[in-house]
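**Student:** Spelled out from the first residue to the last, the chains are:
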Amino acid sequence: MQLVLEKRAERSNTIALVSPLIAIGLTIVTMTILFAILGKNPLLALQAYFIAPLTDGYSLQEIAVKATPLVMIAIGLSLCYLANAWNIGAEGQFLIGAVAGSWLAVKTQGTDAGAWVLPAMLVLAAAAGALYALIPAICKVKFGASEILTSLMLVYVADLLLDYLVRGPWRDPNGFNFPTTAEFDSVATVPLLLEGGRLHLGSIIALLVVAAAAILLGRTIKGFEIRVVGAAPRAARFGGFNANQLIILTFAVSGALAGLAGIIEVAGPVGHLQPGISPGYGFTAIIVAFLGRLNPIGILIAGLFLALTFIGGEQAQIAMKIPLDVTKVFQGILLFYVLACDSLILYRFKLVFPNRQVARGAG
Amino acid sequence: MELVEAIILSVLAASTPLLIAATGELVTERAGVLNLGVEGMMIVGAACGFGGAWLTGSILIGALFGIIAGTLMSLVFALMALGLAVNQVATGLALTILGVGLSGLIGAGFVGERITPAAHLNIPGLTDIPLVGRVLFGEDAFVYFSIALIIGVWWFLYRTRAGLILRACGDNHVSAHALGYPVLRIRTLAVMFGGACAGLAGAYLPLAYTPFFIPGMTAGRGWIALALVVFASWRPGRLVIGAYLFGAVTILQLHAQGWGVGIPSQFMSALPYLATVIVLVLLSRARTGGSTAPAALGTVFVPDR
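Listed in order, the protein sequences are those of chains X and V. To convert, count from 1 in the first sequence and add 234; that's my numbering. To convert, count from 1 in the second sequence and add 1078; that's my numbering.
Read the hints as simulated data drawn from the structure, not as lab findings. Ideal placement from N, C-alpha and C gives every residue a C-beta, glycine not left out. It cannot be assumed that every hint is accurate.
Computed footprint of chain V on chain X, listed as stretches where at least three residues anywhere in the stretch have a Cβ under 8 angstroms from a Cβ of chain V [what the hints assert, rightly or not]:
#	region
1	250-260
2	284-295
3	388-399
Negatives, chain V to chain X, calculated, CB over 12 angstroms [unchecked claim]:
#	residue
4	1117
5	1138
6	1322
Here chain X stands alone, though its shape is the one from the complex (with noise of 0.2 angstroms):
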């Protein structure tokens, strides 16, 4: 008796459904084993994760200021992902963004420029930021240099160049040498929605980017040329679109969006450009893009799961101790549920029995 793989005559919606609840329950289990491991009482770790952040009005909000950056990246990635271009770069967009916004601010400090500063800081991060995506892009596109490699080589080149700036050009005269610029002015932050809390205008835009994306996904031409491209490629070139187009296209819109969100993290949440801006927004995105299943509504509550595990992560290590890597194996064992379950869309699994195997032995 062996247990096999089939596939399935179509799609099972059923499955389609409910596969990321399954997810998170498989992975609530795994976790719970963890963490009895760890010697620490699962209910109360569960918990401290899950439950205790959603009960004070303080943590809704770092909730929303989380989900902010991962839910704009991963709406980026998504088209990618969709497109069936590989952009994994995102953390080294975010940080691009965040130090192009971060040079306006730098250079406009102390002066009297007037309001116009946020914007431009915003507009030059996005730009910056696809500018940054389509140098794998374009790799790819023109030299067939996978998108892959290149994309997270320059992770790290930009994860240097902010290094470099905060340490040395940039830093803050009066910061007793800490790596870091100074506190930006008040016209280069990102204003805050509610008095004393941390909720801030950034999570608007992030609403405006699900609803565009839902928009151009649904209901335009392009979103349906992104989905056959990534779908069924020989459609698409019968079809006459042009895939390579879609490449730039996907790769510079996701630039942009996690750019916007760099500065917007910056601008916003922390005040001043230093290193360490980003507890991975990049790769965790990644994460809330398939758990979400490159659906734009998908992801913005994929998005907000995973702003609660960041949240829940910081309580647990304060109230129990319990270290913070123990939120990356959970986001790690979550993709892992999340594309296994997906897999049972397509597949079924199936019970053979030896006696029908073709008696041929191995070589």
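Following the hints, complete the assembly by docking chain V onto the known chain X.
**Tutor:** Here is chain V on its own, set in the frame of chain X:
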């Protein structure tokens, strides 16, 4: 002269983890599987390898821990990508994300601890020969093993029947299946070999390169190893050249920082990554006449019965 010798020695040391990890990935890819999780397998191998050596005081046991850890990680990949026919790119990324988290968790107990690094060969007389003595007869066991490994892989792929079958699976899994070869089993073994190599390459870093463990110490070497396989056009011979070239770039930038060339250190540190991008572009460009990659690389295979 001593400087030249020191540079050659450090280039060999910097190249060895790249060579070992890339050798494993080369075999995996020749079987038609693209495992992008090399970085994740390496970093878990580094944490487990250091843990093993720190607990037992034995470099050999540390290396074995690294190999076992890398193999276990690769089995997770095999279960997903081969058993469940999941997209290999996404699975590999998941493996790296998981590995980075796991290594932090495993390594948390011994960050800041030190071990005695792997011993170097010392043959009185031979090792003392000026210039070439220490390069040829004064390395640690990992360096010699990595060279034996790549020669062994070349022999296996091109001189044995099993190697031919493995390459057939990578070039056309449908035909290999039709001939009666167990494609998924062969691919699983290839993935496990890749995992074992990545785990060993990761373990090399805290066991021989720097005698302590820090989170994230692989610093993208797993990704560079993936790029090296492309650089090598999936051929073992070119892989050796590629690995030593990249090791040389890494060391060159370190020495340049030491000499105080006046270029900010961050720009020099970015060199290996930029070099990878440039090399990928140049090579892919030179190869417009048809790809040398295994034809079935990265594609899903579900046998029909």
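**Student:** Indicate, hint by hint, whether the structure satisfies it.
**Tutor:** Hint check results:
With a cut-off of 8 angstroms between beta carbons, the region 250-260 of chain X has 0 residues touching chain V; three or more are needed, and the interface restraint is violated. A stretch counts as covered by a chain when three or more of its residues have a beta carbon under 8 angstroms from one of that chain; for the region 284-295 of chain X and chain V the count is 0, and the coverage is violated. Coverage of a stretch by a chain is defined here by at least three residues with a beta carbon nearer than 8 angstroms to that chain's beta carbons; for the region 388-399 of chain X and chain V the count is 7, and the condition holds. Not every beta carbon of chain X lies more than 12 angstroms from that of residue 1117/V, the smallest distance being close to 9 angstroms; the non-interface claim is violated.
Distance check for residue 1138/V against chain X: the nearest CB is about 27 angstroms away, which clears 12 angstroms, and the non-interface claim stands. The Cβ of residue 1322/V sits about 19 angstroms from the closest Cβ of chain X, beyond the 12 angstroms cut-off, so the non-interface label holds.
Checked against the numbered hints above, the structure violates hints 1, 2 and 4; every other hint is satisfied.
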